[in-house]
Structure formats: structure tokens, C-alpha cells
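Q: This is what each chain is made of:
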Amino acid sequence: MSGHIVVKVSAIDTISPVVKQFTLEPCDRALPRFSAGSHVVVSMPGQDRWYRNAYSLLGDPADTSCYRIAVRRQEASRGGSRFMHEDVAVGDHLSISPPSNFFLPRWNARHHILIAGGIGITPFLAYLHEFERQGASHELHYSFREDTTGGFSLELQQRLGSSLHCYQGARPDFHRILADRPLGTHVYICGPQGMIDAVTRAAKDMDWADTRVHYEAFAAPESGTPFVARLAASGIDVTVDDETSLLEALEAQGVEVPNLCRGGVCGQCKTAVAEGRVEHRDAFLDDEERKRHDCIMPCVSRSLTDTLVLDL
Amino acid sequence: MKTLEQPTAPSIKSRPIYQWPDRLPDAGDYLFVIEPCGRETLSELLREQAHERVRILLHHEGNEASSTGADLGPRRTEPAIWKRFEPKLLETLKESTVGCRLVVIGSEAFLWDVRGFAVAHGLVDEEILLYPMAGQGRRVFCAHCRTFTEGVHVSPVACTGCGCYLEVRDHFSRRLGAYMGVRVDAEEPGAVPQQEELN
Ligand code: FES
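Read top to bottom, the protein sequences are chains P and C. Here my numbering is used: the first residue of the first sequence is 216, the next is one more, and so on. Here my numbering is used: the first residue of the second sequence is 156, the next is one more, and so on.
Read the hints as simulated data drawn from the structure, not as lab findings. Among the hints, erroneous ones may be present.
[As the list claims (entries may be wrong)] Below, simulated SDA-like cross-link-like pairs (lysine to any residue); rule was C-alpha separation at most 25 Å, straight line:
1. K249/C <-> T400/P
2. K249/C <-> R301/C
3. K419/P <-> K243/C
4. K243/C <-> V274/C
5. K249/C <-> A424/P
6. K485/P <-> G218/P
7. K249/C <-> A351/P
On a predicted model such as this, the values are computed, not experimentally measured, just so you know.
Turn these sequences into a full structure, and let the hints steer you where they fit.
A: In C-alpha cells, the structure reads:
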């Protein structure tokens, strides 16, 4: 794919039993600058196919001598995170996309409330560098399961002091977190969908305007029922197995679909559907569009019918 | 409600379109900021509404009765009538918390003054409702001497700053809360067309 950057893995740190941090250094050209909240897509050669996963850059945006990402080993791994954990060694080369960002801090906010679940802490690690530099008022609520994804909490304790609130194995009371906030407060959530839903619900209950609530579902494509994608123009059938996303299956066939986030938020991969019913898993389409079943975000969404005819 | 007439299809895009519900959306905390001309609308809205917390801030020194704003004197880029009111509004916003809905009722210029101030102090547009009252005239900004003329009902109008006759354009600056006024007799000094009533 064009625009890809080759990087060298210069360090691998174990953050917790399930989280590893990778430091990536430039090889042939300098790394582009990035903004807090950015991610890169890492292409990983598997045994019989390529994996492409998006990871937030967690380092200081002012430092472009290297990129840092953290990878949580997913139990039901589709391969990507297992590859990163088991097959990548210091000195290896990886191919990554240039950074893109769908999760920017709102710089006009007067106070930033960050709510992270597990590995969802990563974009906020980059945020914190910027907030500290700019003297922006902020606080972090970090919820994680014991011994699994709380690996950054020690570092955070030192950086944040009393504005860090950790919740080990317990769900924070989001209504309490959002109560009595001065005007100009914005809230950001990065974590599992259940957490995003709970915070947005609490915000609604308390009359928060939608524009104050920002979230990133870091959900990697999840497995599902296999189906066949038929390309209307050529009549070619592409089999999508349970572990592969539609986007990946198309790419494996040499069908290029524009994409950026590979996580159902950017809208770049939107593809027209001629026949079949879509199992929507993205965060991009609105309810009306979903009901029509005439388009799909192939990076995360799948088919409810055995065959899905795509206008490709 | 004696609000401005809602333009069905705005001919000039930069004239704001207002969406004022007859009944306020449900929220736990309302802050009303009004000019005297908005009192009736305020009481109508309050009648329609079950409310937990309501605060009302009345801006007295408005320009309700002025025709061309001559008695207000000229002023440059900063609304003078606003001066004494600003600290009060600031204090009120400071003790407000997220979830509060701001409802502004008054002349169009006043709405945008308050809206600009509120946004600068942390409110977002979704939390602000603007109720423009009819018959309050327009605020006109002189493109030449940068003076505001308040409560303008006709065009062309004599600028309170430089005295030039200004054609009142439909171009509205949300930042200034004003319509643009451009010299009408620039080409042929003294050739001032008949005044027309503005809507
Ligand atoms: S690539 Fe962003 S929504 Fe699919």
C-alpha cells in the first residue's frame, strides 16, 4: 500500500502480563509529526495472510524520534495481537501507515475529563503530554482489571497525582464523575463499547450536550459468522471466514477499498450494498442509513445473510 | 409570541435562521438572559414548562425604544451597553454547571452578544436557545469607521460615527451581532436613495 512507512522495533517492554509496549524507530525516512489521539495501522505478515490493526500512538507528540504503541493480547485473538506478542522481536521491521486522528482533544475546553477502560488508556497517554505542556486542566479516570491492563498506573500516579482516579475491577460511578462540572468541561472516553454507552447515557441524563462528549471505540474487528461477499461488477465471490474482516478479505483478493481507521469510525471504507442484509458494527452510519441496508463499513461490519452483494 | 418572522427560505445565507421551540426542551437547569422586550415571551415559556431550576437575568439598559441609537453615542467594536451587564453575566455563568441551558430573549444584536460571551465561557451552541424579538431593529456596523449603530429600522441610515449614509446589507456577522453597513453614496456623494423599511 502506498504511503507506508517502514519502522524498526527498537524496544519491547512488558507493561503487564497481557500488554506489551513497542518502540518504533524510523528506517528510511523521518517519522511524520502526529497530534494527540492519533493512531497508526500496523501491517503484520501472518502465516497465510496479512493482519492490519490500528494502534494509538501513546508517546509525546512533540517527539518524532520514535513512535510508541501498546498492544493488549486479545484472548480470542484474530491473529494480529498474537503476532505482535509472539512473533515480533527487537530489530524486526514493521510496516505502518502514516498517523491519522479521529480523536483530537478540544482545545477550547476549560477542563478535560478522561475516562479510560483497560488498554483504552493509550490515546490519553499522548493527550497528557499535551495537557501538561499547555497547562490544560484535566483529570483521568482509569478503570482496569486487576493485573491485566493497569500496567500504566504507576507511571500515571507520578504524572497526575491527585487528578488520577483508579478503579481496579470496579466500574466508576459515571453520574458522580459528571456531576456539577463547570461550563466548558469536555469528557473523553476510550474503552469497551459498554463503557462508552454507560458514559454517554449518564451524560444524557445530566443534560450534557453531545458535543461535549467524545469517544473512541478502539474495538478491533471482531469475529463472526462466515459469509460470501459477491462483487457485483465482476461476479467474483470472496469468502469471508469467521476470523477475517470483510475489508481484509477484499484486500487479500487485491480489491483496494479506501480506509483509514479500520475501526468503524472514519467513514472512509463505506461501500454500497446491492443485496443482502448488513450486520452493522460501526460507529459511523446513522440509524436511518443502517435500516436501509444499502451500505456497509467493511472494516468492522459483517453480513446477516449468507451472501452479501457489494457494488464493487 | 412576538418573535421575529421566521424566514422560510433565507434569501441571503448569512442571515441567521432561528429555531425557537414554543415549549422549551426538558432540562434540569435553565438560565434566562433577557431584555425587557422579552418579558412576555419569558412568561409564556415558563408557563409551558415544568422546571427544577430557573434563573433569570434581566438586561435593563437595552435600546428598546431607540430608533437610530443616536442617544447611545458612537462606539467602536465594543458594545458599551454591555459593559455593566458583563460582570453579572460572568458571575452567573461561573456558578453554572454543565447541563445548564441558556435561553436568550431580546433584540437580535443582544442575542449574539450574549451567545458570543457564553461560548467564550464554555457553553456550546446546542445548549443555547435564541429568541429574537420582533421590532427591535438591527445593529449596523459601519464598514468605514467601524462604529455600531443600534436599533436601525430603515436603510439607508446615517452612521452614528461618521455620519455617512449606509446601505444596510443582509450580511450578518455573528461575531459582531451586526449587519454590515456600506456607504450608499460612495460613487456619487449626496445621492442618497429613499429610505426603506427593514424587515
Ligand atoms: S476504515 Fe474507517 S470506518 Fe472503515
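Q: Work down the list of hints and note, for each, if the structure agrees.
A: Going down the list of hints, with the structure as the test:
1. Proposed proximity of K249/C and T400/P is supported: the alpha carbons are some 12 Å apart, at most 25 Å.
2. Distance restraint check for K249/C and R301/C: the Cα-Cα separation of roughly 31 Å exceeds the 25 Å cut-off, and the hinted pair is therefore not satisfied.
3. Only pairs whose Cα atoms come within 25 Å are accepted, and K419/P paired with K243/C is rejected, the gap being roughly 29 Å.
4. The suggested pairing of K243/C with V274/C holds, with an alpha-carbon distance near 16 Å, which does not exceed 25 Å.
5. A C-alpha spacing of about 18 Å is found between K249/C and A424/P, which places the hinted pair at or below 25 Å, so the restraint holds.
6. Taking the CA atoms of K485/P and G218/P, the gap is about 21 Å. The hint holds against a cut of 25 Å.
7. With a C-alpha separation of about 18 Å, the suggested pair K249/C and A351/P falls inside the 25 Å cut-off, and the hint holds.
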